[in-house]
Structure formats: C-alpha cells, structure tokens
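Enquirer: What follows is the residue order along each chain.
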Amino acid sequence: MLSWLRCGVVLTGLLAAQPVFAALNVLACEPEWGALTKELGGDKVNIYVATNALQDPHHIEARPSLIAHARSADLVVCTGAELEIGWMPLVQTQSGNPKIQQGQRGYFEASRYVVKLEVPQRVDRAQGDIHPGGNPHIHLSPYNVEKVAAALAERMSQIDGADAAYFQTRTKSFLDRWRQAISRWEKEAAPLKGMPIVVYHKNFSYFISWLGMREVGELEPKPGLPPTTAHLRDLLAQLAKTPAKAVVRAAYNDPRAVEWLSEQAKIPGVTLPFTVGGTDAAKDLFSLYDDTLSRLLAVSK
Amino acid sequence: MLKGNLVAAAIVFAFAGPALAQDDELKKIQAEIQQMKETYERRIEALEKRLAEAEKKAGKAEQTAANAETAATSATNRTGENAFNPAVSLVLQGTYARTSQDPNTFHITGFVPSGGEVGPPKRSFGLGETELALAANIDPYFRGVAITSLAPDGGADVEEAYFQTLALPSGFTFKGGRFFSGIGYQNEQHQHAWDFQDAPLPYKAFLGNQLKQDGVQLKWIAPTDLLVELGAEFSAGDQFPGSDRNKNGIGGSAIFGHIGGDVGSSYAWRTGLSYLKTSPRNRSYEDTNSSGSAVTNSFSGDAKLWVADAILKWAPNGNSTITNFKLQGEYFRFKQNGQLTYDDTAGSALFGSLTDSFDSRQSGWYLQGVYQFVPQWRLGYRYDRLNFGTVINGIVLNGLGPTGADFPLLANHGPSRNTLMFDWSLTEFSRFRLQLAADKSRPGGTDNQVLVQYIHSLGAHGAHKF
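Protein sequences, first through last, are from chains A and B. Residues in the first sequence are numbered from 1 upward in steps of one, following this note's numbering. Residues in the second sequence are numbered from 1001 upward in steps of one, following this note's numbering.
For the record, the hints were derived by calculation from the structure and aren't laboratory data. Just so you know, not all the hints are guaranteed correct.
With a straight-line Cα cutoff of 25 Å, these simulated DSS-like cross-link-like pairs (lysine-lysine) come out [stated by the list, open to error]:
hint: 1; chain 1: B; residue 1: 1037; chain 2: B; residue 2: 1049
hint: 2; chain 1: A; residue 1: 266; chain 2: A; residue 2: 283
hint: 3; chain 1: B; residue 1: 1037; chain 2: A; residue 2: 99
hint: 4; chain 1: B; residue 1: 1049; chain 2: A; residue 2: 187
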C-alpha cells in the first residue's frame, strides 16, 4: 500500500514537471467561441474546442479528454443558458481546477451579454427540452457576436493582463472588419427578407430574426424530440396551404426527415454549417456567415 | 410651427392678390415665394433628420428596456428565501418481472454472500427504488450532494451524502462523507444510469452490487492532455467485503488510477486499475448444513480486490444522437485470507463452534456492448461470469468435523449469465426497457428472467457522465 502511494507521488512529480507555456489556455465549449477566441487572442492563446460542428451541443458527455483539458484551462468559454447543462457542471467539478468554477473569472458564458429570444413564459418539460433562460443558439446574429467579442476581450485581458494590449488591438481590428462585414451581409441578404423557411430545430432563430426571415415550422414536434411521422404529415399539409422556400437543418441534425419533407413538399432541403466547421467553406466566423448566406440565397428565388 | 407659417403665407398671398396687376411685382412675389419654399424645404429636411435621430434614440431605449426586461425575468424567481434552493431531481423506477426460479432463494453459489440485494426483482409488478437527489454549491469552496433512495417497502437509504472541494489548487479534489467509490468503472454510476437493470455478477459477488465508502477521497488530475486521474480513499470499511469492526482507525482503503482520451473525433476511451483492501471482523452469513440445520459462518481476516476496467465509446464524428456504440468490460480478482468460524450451536449443535484457516482466490469478469441503432432505440448484450478459483477451507481440510457438504453456499460452482437488453427512450428523461436473462448463478439449472422496466427522471437536468 505504502509503496503504491510512493509510486503515485513519484509519478505526480514527473507529470507536474512538464513544461508550462506562457499562453492563455482556453477551453471553448463550441466551435464558434473557439473561432472568436482565436480572432481576439491570436497566438497568445492555446485553444481546445470541446465539440465539433457535427455534434449536437446539447448531447455531449463529460468525456475524459474534456476533464483533462478543463484541468489546465485558464478560461472556459461557453454559451451558457443551460446549453451545456448536461456536461459542463460535471466537467467543472471533476477537473480539480478552481479557476473555471461557476462564478469565477475563468468561466465565461457568452449568452449573458446578449438579449435572448424565445424566453419561455412557463418552464415545464411537457414543452420538450426547453431552456429556461431562452434560446441559447445566439451566435448566428452578428450583433450578438459583436457584443460577446467585446465582453470576451475584456475577460481575456483581466486574466492575462500582460497580453491585454495585444488582445485589445486584435479585438479592435476584428470588430472593424466584423462591422464592415455586417453591412455587406445585410446588403447581400436583402432578398432573404420575409422568406418563409421550415427549420429542424430552433437553432437558427437569431439568424432568422436578424434578417427578417420567417420561420413557419419546425421538424421537431417539441424542442429536442426527433421528428415523428404524424408531425411531419401535419407539416406537409400546412406547407401545401402556406408554402415555404426551404427546409433548413444544421450540419449536426439528422438529414433523413429533412430529405423526406423536401421531397414530399417539393421544396429544397438546405444544410447550413450552423457553426465553424459545419461545411468545408465555414472555416472561421466570417466564412460561416458567408457560406450560410450563399446557401440560403441560392434557394431564395 | 411649420403649419402656422404656411397658413400665414397663404393669407399674405390671398390679401395681396388684387394688387398683382403689374409684371415686375408678380416676379418679385414669385421670387419671394421661391425663397420661402426653399426655406421651408430646408426646415423640413432638418426636422426629418431630427425625427430620424429621435427614432434611433427611441430604438436604443427600447433595446435597453428589453435588456432590463430579460434581466428582470431571469431574476424574478431568484428572490426570497427559496432563492438558493438546490437542484432537486427525482428518479422513478419500476419493474414487471417473470422468473423461472424463486427470486427469494437467489444466491451466487461458490461465493460468500455479499449482503447486498443482489437477486432479481420480485415477481409480477414491483416498484424499484425511488431516488431523490439534492445538490448545490455550499459556498465558493465546497459543493454538497445528497442522494437518498426510497425503498418500495418503506424506509430510506442514504446512497451518497458528501461534500466536495471546488477550490483546491493543482488538480486536487477532496471528498468526504458517503460516496460511491471511484474503483472500477461502473461503481460510481447510480443504478438508474446502468445499461442493464442489475449489476454484473462480479459486482454482485465481490461488492454487494456497489461499493459505498463512508470516509474520505482525494483525487488528482494530471496537467496533461491525456486524462490521468489518481485517487485514494480511506473509509470505515464496514461494507462488504469489509465489515463493521468497532475499531479506531481506518478500516478500508482503496487506490485507483485511470487514463483516458479521444481517438479522432469518433472514439473516446478510458481504462484503469484499482485496488481495495479491507479487514473484516466477524463478517457473518447464514447457511444450512447437510443435515438441514441452521449455521452461522463468520470470517475475520483480510480481503483484497483488484479491478481492471476499460470502456470504449464510438459515435460517428462524436455525434451520439443518431447512432452510437459502447463497449465496456471489467475484470476482478478477489483474495481473502484469515479465519472462518463455523457455528451450529443455534441449530443442531452437532459440531458446535469451530474455527480454522480460510483462504480463497476467486475472480470474475463481464463484457457488454450497447448499440443505439436509431435515435431513441438501443440494443445491448452482456456476458458475465465468475470463476470459483481456489478455496482452502481449513475446517473441511482437517477432516474432524463438517465436510464440504456442510457449506452448500461455498460449493464449487462457476456462475455465468447471458443478458439481452432492448430499450426505448422517448427523451433523455424517460426510458422503457425489456431485459431477458439466462442466469446460471445457482447450480440447479438456468433461471430464465424476463423484465420490463421503466426509469423516469424529473426535476433538474441529469449529468451526462462518461
């Protein structure tokens, strides 16, 4: 028993002696926040992204690699609004890292800095897997990204004061480019105004609201529940009366129901990247918006 | 103001009307009107600009109001004395069971009874344990968790009740109270999170289903990209394979190490080794000797358990919502050495009370795979078995009293079981399961079991444990 312990202590010493790099270690919960941190932090940040664009951010497990990366993180950048409720609290308590616990500087929730849509009046699971704080998929409104960028830059500067000036310069440059891009996108997206679409899950609400599009139905009968045949038939009947221009899904949503409805209702099915990495073209936040717009514009005529 | 000026202009124009006979005067008036028109246009333009600005400001005010409203909505439920209520969740469970052998006489032949409720559920309809969990951060330094299970026939059992540190530096976490031991893989999971209704045979035989520790745990996570987790536990050691000793000091200790990580984005794995040592004193169980008389056997000595565990999870690109597969297995080696006391004084009193050496080396393992083939539906198969190994019972060997037949529960037998599971989860909060098992825990033949089970959880969102 004692020799085991001694063994453990030696091993501990060896592992603890690993070199530590000066850069800020960031664990980003979703690819969009990984991309944003990269824009603001450049090469002064080491970023590990917990999920990829093909994963449903609601259904992630506190897997070993997440606990290991949370252990060394100086900052965890998540969406919040209960999006990561199934796994982040567990990762936090298991990580043994006091810096990233709830209420600490090292835990950043992007959704705190924006006005959330679809805040439920009543909170009851009979309504499906709803989020009491409102719709958490906030990153598809460029104005939200702008607000989060400013707040995140401030937080990064607080934690890593030595690089604060560097972060501020990068943030200014990012925001300048981002604001230019917004006016370009808003011009390009003019034909999308009023365009009726059907979505798989309510994960495009901020985008739809930004461009004044209209969401006329969801494939999920209730948030978080997979589409049922009965619900799809109802939707089809509804579309026969009030047609939509496209059926839209995020790269991680099940394609089958979209394909079925698109075929039956004879309207195009569109796969949107949803986040960075969701399509080959969506390599960063700018190209995420570019690609999303071009895919929607292609079916808007 | 603008309107007033226009009216004034019109009046001037009307009164001046008759006097406009001459051309140059007409021209003069026309020029004046042109001038007035230009002035008004400029004024209108300026006013429009001001209006637009005012509108913009109003928009901002609206936005601020909306912000304030959101803040207000999210804050409404957070005042008053219930503002700090912990997360509450409740798990409802129940079964319908059909077994070909009597569940009341269930035992795992060849292995010292572990004292836990290891048998299949009662026949016909039966209520499972109802689990009530409360958890919250105590302050910035500690988190508290209490999980009680309410038994169907009354009574509550404290499954876990512990505090855990949140603020220790360098990857350390300290836990104190009652908690599921970190040894092995499945031990830390609550029963409702298992992929089968019951525990694998080695868990039943060597840990009485699951090892609860009353004590402390120190865990350390290495600062590496690969998960390296080392832990040590010190406890009273009063649960099987230990026993309540009424002694000062530490009754049981365990150490474990786990490593884990990802392979690409589709695979995640974890594997580990654990060691548990306890020193039971007068740990007793009831048996019936060859002449049908009641016997109490009790063991004092050392009990050691080694566990090797491994789990591999697969989901295409790590997206487990559509399909996923989980392969899980654990191997156990169990060693006891000490003294066994055979006591039939309360029964036939043929041999009275005899004590001699007792040594055993036994093992067991299980392997299970669970496949979600479409959303909501999973299919699983488990094979588990125990190896009798070697049992050296000094009382039998010295040939002066009881023979092997007087220890029927320790008769040479290698239990095994095949289990098939099929479950359906409409959401992550509800689950219905059909489980079929062919159980050879008893030497008398196969116990064919059919189980229908429901597991529903309500309240706070459960954790997605790996």
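Enquirer: Decide, hint by hint, whether the structure agrees.
Expert: Now the hints, each set against the structure:
Straight-line distance between C-alpha atoms of residue 1037 of chain B and residue 1049 of chain B comes to about 18 Å, which keeps the hinted pair within the 25 Å bound. Of the supplied pair hints, the one linking residue 266 of chain A and residue 283 of chain A is violated, its CA atoms being roughly 31 Å apart against a limit of 25 Å. The suggested pairing of residue 1037 of chain B with residue 99 of chain A is violated, with an alpha-carbon distance near 69 Å, which exceeds 25 Å. Taking the CA atoms of residue 1049 of chain B and residue 187 of chain A, the gap is near 23 Å; set against the 25 Å cutoff, the hint holds.
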